[in-house]
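K.L.:
One letter stands for each residue in the lines below.
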Amino acid sequence: MGHESVIFIQVGSVLLALSLLSRLAKRIKQSAIPFYMTLGLLLGAGSYFPLTESREFLAIGSEIGVVILLLMLGLEYSPKELVKNLSKNKTTALLDALLNATPGFIAGWLMGWGPVGSFILAGVTWVTSSGVAVRLLKELGRLSNRETPTVISVLVLEDLAMAFYLPVLSAVAVGASLMEGVISVSVAIGLVTAIIAISYFWGKTISRFFTTTNIESLIIGVAGLAILVSGLATEVKVSSAVGAFLVGISLSGKVASEAATKMRPLRDFFGAIFFVYFGIQTNPADIPPALLPAAALAAVTMATKFLTGYLAARKNQIGIPGRWRAGLALTPRGEFSIIIAGLAVSAGLNPNIVPFAATYMLMTVIAGPLLARLPDLPWVKEKLGKAQLRLIQKTMQQ
Amino acid sequence: MGVRVERVDLSGIGFRDDIITAEGARLGVLTHRDGSREVAIYSAEDPDATAASLVLTAAEASALAVLLGEATLIDQLSKISDTVPGIFTEHLSLPADSKYIDAELGDTHARSKTGVSVVAIVRELTVIASPKPNQDLMSGDILVAVGTRAGLDEFAEILSNTRG
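Chains A and F, in that order, give the protein sequences. Going left to right, the first sequence walks through residues 0 to 397 as numbering that gives the first Met the number 0 numbers them. Going left to right, the second sequence walks through residues 0 to 163 as numbering that gives the first Met the number 0 numbers them.
Simulated from the structure, these hints should not be mistaken for laboratory data. Possibly wrong hints are sitting among the right ones.
Below 20 Å or equal to it, Euclidean Cα-Cα: the simulated DMTMM-like pairs (lysine to aspartate or glutamate) are [claimed, not checked]:
1. A/Lys253 with F/Asp33
2. A/Lys79 with F/Asp152
3. A/Lys89 with F/Asp152
4. F/Lys98 with F/Asp152
5. A/Lys83 with F/Asp8
6. A/Lys236 with A/Glu62
7. A/Lys28 with A/Asp375
8. A/Lys314 with F/Asp8
9. A/Lys87 with F/Asp16
10. A/Lys261 with F/Asp33
11. A/Lys314 with F/Glu5
12. A/Lys137 with F/Asp17
13. A/Lys253 with F/Asp8
14. A/Lys28 with A/Asp267
Note that this is a predicted model, so its numbers are computed, not measured.
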């Protein structure tokens with residue numbers, strides 16, 4: 000067999016398997032991400048069917064996957080929305096960072112991963128998967144619920160925080176001296192701020208570069224710009240993911256909404272490759288030792304995430320059942336945790352971080368959606384309803 | 000008649016408008032980015048949760064808006080007459096044996112004989128706003144008429160004229 004034909008046979012089989020897994024996940028109403036990653040685990044080095052020939056191809060596909068995932072995330076928001084959200088929910092954003100990044104940092108420190116490794120794990124535990132959370136809200140018919148805007152604003156602010164966190168991490172991960180580190184971190188933050196400011200004031204001008212009458216040209220052009228900027232961003236040590244996110248934010252109006260709907264198939268395709276490739280990169284033998292600490296960290300950070308959502312909802316005058324729904328819907332972690340852990344690989348850090356992050360993320364992405372359904376169970380509903388009643392009676396007495 | 004409408008942004012999804020009714024109920028209208036709508040009614044025990052919701056496409060939403068819009072148009076007309084002394088609005092149903100069934104509105108000579116204006120015709124679930132004189136009348140129609148007390152009484156009498 001020729002080299003090329005082997006690549007094609009492998010990639011084709013992987014894609015077919017992914018397609019079946021996606022159907023299976025949909026049938027049992029679960030996120031497809033854990034299925035994709037598990038398939039990847041079976042195909043990586045040290046597993047039963049190691050893919051070697053097509054690894055390079057899948058690696059590139061996965062890189063494009065990150066770019067498209069972040070581009071699409073950026074397209075969902077306009078810079079004006081981000082700024083408005085930030086000024087309205089500063090305390091929630093701060094609370095979210097404190098409650099959820101700290102346990103990750105401490106855990107990293109305890110496992111002896113050093114400051115950079117701990118900083119990476121802080122990011123892994125910090126961010127909820129907006130993709131999984133929003134899909135969950137849709138499936139559970141909660142989009143019109145009154146606590147939903149609170150949940151969404153937490154997701155938006157985390158995505159914005161990532162626009163700063165990722166370049167800072169890339170700068171830190173290079174592992175230069177303290178002085179060099181400070182310089183590259185400030186450059187990264189300055190660059191991101193400048194780009195957000197430019198798109199805040201001149202977003203319409205950037206969008207005018209594209210046409211909405213020719214969809215073909217629009218899709219190719221927007222994807223091209225995102226990949227180009229990602230390349231440039233990597234060149235200046237700002238992560239490629241952030242470059243793509245900023246491209247998404249700077250496009251606005253009809254160009255953004257058309258691109259967001261028309262590029263969805265592209266995201267699903269490359270997104271699937273991204274998750275399967277992350278599984279391939281992870282050595283299955285590294286997972287068993289990570290199981291216990293990852294489970295402990297997952298339990299702690301799902302509790303802190305629940306608390307974040309609960310408190311944020313309480314601040315917005317939501318009743319007790321709504322606070323529970325908001326808190327539990329935020330517990331699943333996802334694509335960002337993986338992207339962050341991926342940066343650890345490219346920075347050549349402690350190789351234990353990746354299997355640990357993968358195990359941790361799989362646990363939350365499986366348990367989170369199950370927990371989120373709890374407040375809809377009749378007996379839980381009754382309990383929460385009674386708690387709400389007591390709360391009302393208490394406030395009436397005062 | 001101030002109605003409280005609250006708007007909340009849902010970044011990446013769309014926005015939601017809430018109307019709080021006089022009875023204290025909350026009606027939410029979620030507008031997705033693609034123009035589809037979700038009309039939600041909130042649960043009585045848990046006012047933050049939706050008890051029922053109805054998904055409408057952009058086209059269905061505008062059909063519903065037309066229905067509600069025409070109904071409110073009539074309400075507003077009644078209000079105008081309330082504010083002008085001596086002018087009344089009345090909903091007159093066309094009697095089943097009226098000689099004007101299958102005739103045109105102009106045949107009643109409402110305006111020239113009684114000074115009454117027919118501002119709308121309610122036919123089953125639809126509303127014909129500002130009908131022209133050549134508008135056909137059908138059995139079961141309700142005519143929304145504006146005029147003086149005497150004029151409206153006269154007009155009601157004309158409508159009840161039977162054939163022959």
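K.L.:
Against each hint, give a clear statement of whether it holds in the structure.
P.N.:
Cross-check of the supplied hints:
no., hint, verdict
1, A/Lys253 with F/Asp33, "holds (11 Å)"
2, A/Lys79 with F/Asp152, "violated (60 Å)"
3, A/Lys89 with F/Asp152, "violated (66 Å)"
4, F/Lys98 with F/Asp152, "holds (17 Å)"
5, A/Lys83 with F/Asp8, "holds (10 Å)"
6, A/Lys236 with A/Glu62, "holds (16 Å)"
7, A/Lys28 with A/Asp375, "holds (16 Å)"
8, A/Lys314 with F/Asp8, "holds (17 Å)"
9, A/Lys87 with F/Asp16, "holds (19 Å)"
10, A/Lys261 with F/Asp33, "holds (12 Å)"
11, A/Lys314 with F/Glu5, "holds (18 Å)"
12, A/Lys137 with F/Asp17, "holds (19 Å)"
13, A/Lys253 with F/Asp8, "holds (18 Å)"
14, A/Lys28 with A/Asp267, "holds (17 Å)"
Checked against the numbered hints listed earlier, the structure breaks hints 2, 3; every other hint is satisfied.
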